[in-house]
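Colleague: As a plain string of letters, each chain reads:
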Amino acid sequence: MIGFAIAGAGFAALVFWALVGLPDFGHYHWPYGNALNAIATPERHATNVVGITVFDYRGLDTLGEEFILFASVVGVSLLLRKDPEEHVPADEVRSDPIRALGAVAVVLLFVLGLWVVAFGYVTPGGGFQGGVALAGAFLLVYVVGGYRQYHSLLPHSPLEMAEAFGAGAFAILGFVGIVYAGAYLGNFLGLGNAGSLYSAGSVPLLNWATAIEVCAALVVLFSEFLKIYMLPAASWTPEEGPR
Amino acid sequence: MSYLPYALAGWIFVVGLYGVVSSRNLIHLAVCLTVMQSGTYVLLLAIGYKNGAAAPIFRPSHHPAVDPVVQALTLTDIVVSVTVVALILALALAAHKESGSVNPEEIADFSG
Amino acid sequence: MIPLQVVIIVLVGGGALAVVLQRDPLRQAIVNSLYALLLVVLFMVFQAPDVALSMLVVGSIAYPLVLLVVIARVRNRGEEATDTADP
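Protein chains in written order, with this note's numbering: chain A, 3 to 245; chain B, 8 to 119; chain C, 13 to 99.
The set of hints was computed from the structure by calculation and includes no laboratory data.
From the three backbone atoms N, C-alpha and C, an ideal C-beta is built for every residue, glycine too.
Misleading hints may appear alongside valid ones.
Using 20 Å as the maximum straight-line C-alpha spacing, the simulated SDA-like pairs for lysine to any residue come out as follows [what the hints assert, rightly or not]: (1) A:K229 with A:D26; (2) B:K57 with A:G147; (3) B:K57 with C:V19; (4) B:K57 with C:V53; (5) B:K57 with A:S154; (6) B:K57 with A:D26; (7) A:K229 with B:A101; (8) B:K104 with B:I114; (9) B:K104 with A:W32; (10) B:K104 with A:A40.
Quick list of the computed label-pair ranges, beta carbon to beta carbon [to be verified]: (11) A:H29 with B:E112: 41 to 49 Å; (12) A:A7 with B:E105: 26 to 34 Å; (13) B:P67 with A:G10: 46 to 54 Å; (14) B:H70 with C:D36: 43 to 51 Å; (15) C:D36 with A:D63: 32 to 40 Å; (16) A:L191 with C:V53: 22 to 30 Å.
If you want the footprint, here are the derived chain B segments under chain C, 3+ residues with CB under 8 Å [said to hold, decoys possible]: (17) 18 to 27; (18) 38 to 51; (19) 82 to 92; (20) 98 to 112.
Isolated chain A, as found in the complex (with noise of 0.2 Å):
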C-alpha cells in the first residue's frame, strides 16, 4: 500500500493542479451550450433542451450508445450461456398482502415509465430514464410473484427480438432521414407546437424506439443473471472462450 499511497498522492497533485486551470465554477463562458439554449426551442419546437440535444443535436452519440447497450447485452448473453434443466425452484410468493399490493405498485410503476418516456422532449425524461423504470416494472413482477410468474409474463425470445428491434428502429429512422430531409437522422415529421406532445419533428420516434431497447435490454440482462442463479450448483459450466 505504501506503493500506492506515493502514487496516488502525485497522481491526486496532477488531478487538482490540471482542474485548478479550469474557469471558476459557475462562470461557464463558451458558446455551444449558450447558442443551443437560444435556438433549441424555436428551431425544433421542444421546450427540454437536453432532450432534443440527446435525440438531434448528437443524436449520432446517442445512436453509438445504444449499440454499446446492444452490445453488451450480446457479451453477457454469450458468457452465461446454458440452457438449463428448467428447474424451477419453489419461491411463489405466499402472503396475500404483498402480491395485491405489488399487483398495484407493478401497474403504478408501468404508468409512471410510459408518462416519463411520452413526455421526453418537453419535460425532464426521456426513453433513457423512462426505459429503465418500465424495466422496473416488469423486474417487480418477479419480487412480488415468483419466479414462475416472472417466467410465463417475460419469454425469452421475445425480449432479445425486442430489444434489437429498437436498436434496428433508430438506425433505419436515421437512414429515413436520408431520404426525406437529405441527413442521417434528419428530422422528416411537421414540427409541431412546442410544449404539446406533437412536436419536436421525429424525435417522439426516436424517443419510443430507444424506450424499448432500454427497457428490453435491461430485462434480458436480469432474465439471464436469473437463470444462472436458479441452476443447482454444480451442473453450470462457462462458455469455452478462447484461452
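Following the hints, complete the assembly by docking chains B and C onto the known chain A.
Modeller: Relative to chain A, chains B and C alone:
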C-alpha cells in the same frame, strides 16, 4: 471555495481508484469502478454550471440556463454503464466458476 | 456557491469513501444505493433534472438487481463448494 466541485470530482476518482487497486473481491471491484465513473459525471456537470441560471427546460418562457450538452452526455452514460458493469460481473461469475474464488489475487495464481 | 451546494458536496465525498471502505459486497450494494440518492440531490442542486432522474432510476432499480443476483449466486456456490467467503 469555487474549486470545491472540481476537488470533489478529483477526490471521488482517487478514492474509487484506491478501492479498485486494494480490492480483494471482484464484485467490490465492480462497484468501486462505478464510484470512479460517478466522479466523471460530477466533473462534467460542474463544468457546465452557471451562477444564477436554472435547468434548461424552457416552460413556460425562456430564462438563463446551464449548459445542456454535458447533461446530455452524462445521462446516456449513466444508463449505458449499467450494462457495462453487468458484463464485468458476468466475467466475475465465469472466473468464480473456473477457479472457485472471487479474489483477484487467487484467480491470478490459478492456471487453467 | 450557496450553502446547500457546499453541504451536499461534503456529503457526497463522504459517501464515496463509505462505498469504497465497505468490503462486504452485500452491504456495499446497499451503501451504493444510498450514495446514488446523495448523487441525485447533488445533480438537482447543479440544475440537472434529467441527469438526476437517470441516476435515480439506475441507482434504485438497475444496480441493486444486477448486484444482488450476482452476490446471491456467488454465495450459493461458495457455501456449497469450498469456503472462499471474504470476511
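Colleague: Quick check: does the Cβ-Cβ distance between H70 of chain B and D36 of chain C fall within 43 to 51 Å?
Modeller: This hint holds: roughly 47 Å between Cβ atoms.
Colleague: Taking only the CA atoms, is the gap from K57 of chain B to S154 of chain A under or equal to 20 Å?
Modeller: Not satisfied, since the Cα-Cα distance of roughly 50 Å exceeds 20 Å.
Colleague: Within 20 Å, alpha carbon to alpha carbon, are K104 of chain B and I114 of chain B?
Modeller: This hinted pair holds, its Cα atoms lying about 11 Å apart.
Colleague: That 26 to 34 Å hint for A7 of chain A and E105 of chain B (C-beta), does it hold up?
Modeller: Taking Cβ atoms as reference, A7 of chain A and E105 of chain B lie about 33 Å apart, which means the hint holds.
Colleague: Tell me if the straight-line CA distance from K229 of chain A to D26 of chain A falls inside 20 Å.
Modeller: Not OK: K229 of chain A and D26 of chain A at ~51 Å, beyond 20 Å, violated.
Colleague: Taken at face value, is the distance from the CA of D26 of chain A to the CA of K57 of chain B at most 20 Å?
Modeller: Given that 20 Å is the threshold and the Cα spacing comes to 10 Å, the pair holds.
Colleague: Return holds or violated for the Cβ distance of D36 of chain C and D63 of chain A against the range 32 to 40 Å.
Modeller: Holds - the Cβ-Cβ distance for D36 of chain C and D63 of chain A, about 37 Å, lies within 32 to 40 Å.
Colleague: Given the hinted pair K57 of chain B and G147 of chain A, is their alpha-carbon gap at most 20 Å?
Modeller: Distance ~47 Å between K57 of chain B and G147 of chain A Cα, so the pair is violated.
Colleague: Is the listed coverage of the segment 98 to 112 of chain B by chain C valid when you require three or more residues with a beta carbon under 8 Å from a beta carbon of that chain?
Modeller: holds (count 8)
Colleague: Within the segment 82 to 92 of chain B, is the number of residues with a Cβ closer than 8 Å to a Cβ of chain C three or more?
Modeller: Held - the segment 82 to 92 of chain B has 5 residues with a Cβ nearer than 8 Å to chain C, which meets the minimum of three.
Colleague: Please count how many residues of the segment 38 to 51 of chain B have a CB within 8 Å of a CB from chain C and say whether that reaches 3.
Modeller: holds (count 8)
Colleague: Holds or violated: are the alpha carbons of K229 of chain A and A101 of chain B at most 20 Å from each other?
Modeller: holds (14 Å)
Consistency note: the structure conflicts with the earlier hints numbered 1, 2, 5, 9, 10, 16.
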